[in-house]
Amino acid sequence: NRKGVALLAVVATLKLATMAAAGGKPAVLLLRPVDAPFAAALRDRFRVLDLYAPGQALPALAFVAAAAAVPEPPRATVIWGGVRVDASFLDAAPSLRCVVSTAAGLDHIDLAECARRGVAVANSGEVYSTDVADYAVGLLLDVLRRVSASERYVRRGSWAAQGDYPLGSKLGGKRVGIIGLGNIGSRIAKRLEAFGCIIHYNSRKPKDSVSYKYFPNVHELAAESDVLVVACALNKATRHIVNKDVLEALGKDGVVVNIGRGANIDEAELVIALREGKIAGAGLDVFEHEPKVPAELFSMENVVLSRHVAVLTEESRSDLRAHTIGNLEAFFSGQPLLTPVHADSLAQ
Amino acid sequence: PVATAEQPTHPPHNSQPLPLPPSVPPAAMAMESLGVLLLHPMNAYLEQELDSRFRLFRFWDSPPDGRAEFLRANSSAIRAVVGNAGYNADAALIDALPSLEIVASFSVGIDRVDLPKCRERGIRVTNTPDVLTDDVADLAVGLAIAALRKIPQADRYVRAGLWKAKGDYTLTTRFSGKRVAILGLGRIGLAIAKRAEAFGCSISYHSRSEKPFPNYKFFTNVVDLAANCDVLIVACSLNAETHHMVNRKVMDALGPDGVLINIGRGALVDEPELVSALLEKRLGAAGLDVFEHEPFAPEQLFSLDNVVLVPHVGSDTEETCKAMADLVLKNLEAHALNKPLLTPVP
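Just so you know, the protein sequences line up as chains A and B, in that order. Heads up, the first sequence is in the numbering used here, so the first residue is 1 and it goes up one at a time. Heads up, the second sequence is in the numbering used here, so the first residue is 349 and it goes up one at a time.
Quick caveat, the hints were computed from the structure, so don't treat them as lab data. Source: prediction; values computed, not measured. Some hints here could point you the wrong way.
Here are the simulated DSSO-like cross-link-like pairs (lysine-lysine), alpha carbons at most 27 Å apart as the crow flies [to be verified]: (1) B:K629 / B:K526; (2) B:K526 / B:K597; (3) B:K542 / B:K559; (4) A:K190 / B:K526; (5) A:K236 / A:K205; (6) B:K465 / A:K190; (7) A:K190 / B:K565; (8) B:K465 / B:K687; (9) B:K678 / A:K252; (10) B:K514 / A:K292; (11) A:K278 / B:K465; (12) B:K678 / A:K207; (13) B:K512 / A:K292; (14) B:K565 / B:K597; (15) B:K526 / A:K213; (16) B:K526 / A:K236; (17) A:K292 / A:K278; (18) B:K629 / B:K465; (19) A:K292 / A:K213; (20) B:K687 / A:K190.
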């Protein structure tokens, strides 16, 4: 059959590839596109089975199965958020013992299934945390001080024609409620303290190492905050954690910033709250159905919209490269992973 | 007392003098008689309070070609002027107001007040320091992040409906850890330094004199300052010495990866040179709150994605504008009542 022939062709190609490559290097299954420096760094150290190699036409799962069939199949894989690591994925590549994810979140990995099979998982650690925290602060300043909105005003010539832009709101003294005080949330807190903000937070458990006021649930956090920042992972417990009740508790002068996942917020309710003036504004880098953004937001002056770029700097790119290779080298040399993830850690 | 059929109207012989009608307390009279010329509709609350507490003259009530006549007609009454960053008491206005005693500026920068002339005439000047320090420092950092991380650009992109594929992006540059240089380490410059430090930025500065901050590196000249930083933030006041202080040499030293942020005054930067440096990519990016010819920002910059342009909003929050207005009002009140001014300009 055609599929079988195609599979054999790929296996043959891969066999040739592995034979042609220098001996001794462990095989790595690469399931995300990488830039040239990253590709070179991987090739220096590993035999790379690259889903995105030029001319490689098999779809992902078929490629994974083909890779699993080569002699000395890959024991480690590098993935991103677009690869769903579940039972069927792991069935397709039984040789895999280690999954190294370059994504910021972990919602695409069935951690329990990996644990059951003894497959180690490494995440991106703190590689993105600084840039995401910076972006969250930038979004909040933009919303409160109307940077993007007043910029549009200048660019369309309205400053000369219509006079001063309406006033914004002072950041200093605002109570900022951070949902999730992990690597990202704690960096946001430290930055905003320097602006004179009062930090409140909700986390699964209170953190003894900080003096910020803890709230056992997001509703109470919202009721005593002027700003809500979503900085938590997405999982069953945090889906729509910012819902209609939370938005109402935040109130008509409240601002929401989301640098987590779109689904942390009930987007439909957020749009309604903004439309009806139930909250004062929002800064959003993520949405429930990217790249679809509710069109109603496009005409709102009190909203700042961004296209899921909080992690995307040159620096985080090179940090990620070093970090991913570090995890792979640790695995292949029998050392503990740099940033292992366990099934019970919901990453924040 | 009103005469009625029952009550006699003649006061008794040894009575006290008739009571006077209720009198206006002297303080209120002193304030109501202070003629205040407001140069521009800069703030509704300020205008409303000036109107209710003092005798308010609105400069824009007169047509542009009738201003001289307006001033002549009211020159004996006008003893105070309230100006701001854009409209203030210059030589011509001061000359036209022989009764002028005080200029109370709704701003901290008073480069548009003719200070020598005020000194010559014994006219006191007040401004609004401290109450706006936080907001201006916040905006400086907000502009730096916006310029480096291209937030307004992302917002424009999404609003234009251009975000069609999930992986669609351009890489920007991290703000944290950048070398931040501050031109002018006064109240605002220090507040900027404190915020930038929370992002792990190193701080360097140039000021008229070195300050007692051993963690901040002092540079004796602006070119060296620019050559040794990633982000240069202009936070000094405008005067004859600082005019066009950020010139072509400084911008070349800052370079094609450098970012210039200006929250001071437009004329601190040579604007035509800035425009060509950006257009020719000799300068990496800019975040500008102030311009040489407000409310006009250079249109040649409108097509660039590495520039953030905002309309002089450094202190433009509800909270701070009210605090600034209250300070103007308190200074005028103190002047009217012969009490010490709160924030006189030395």
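Self-check item: Violated hints - listed by number, lowest first
Solution: Of the numbered hints, 6, 9, 11, 12, 15, 16, 18, 19, 20 do not hold.
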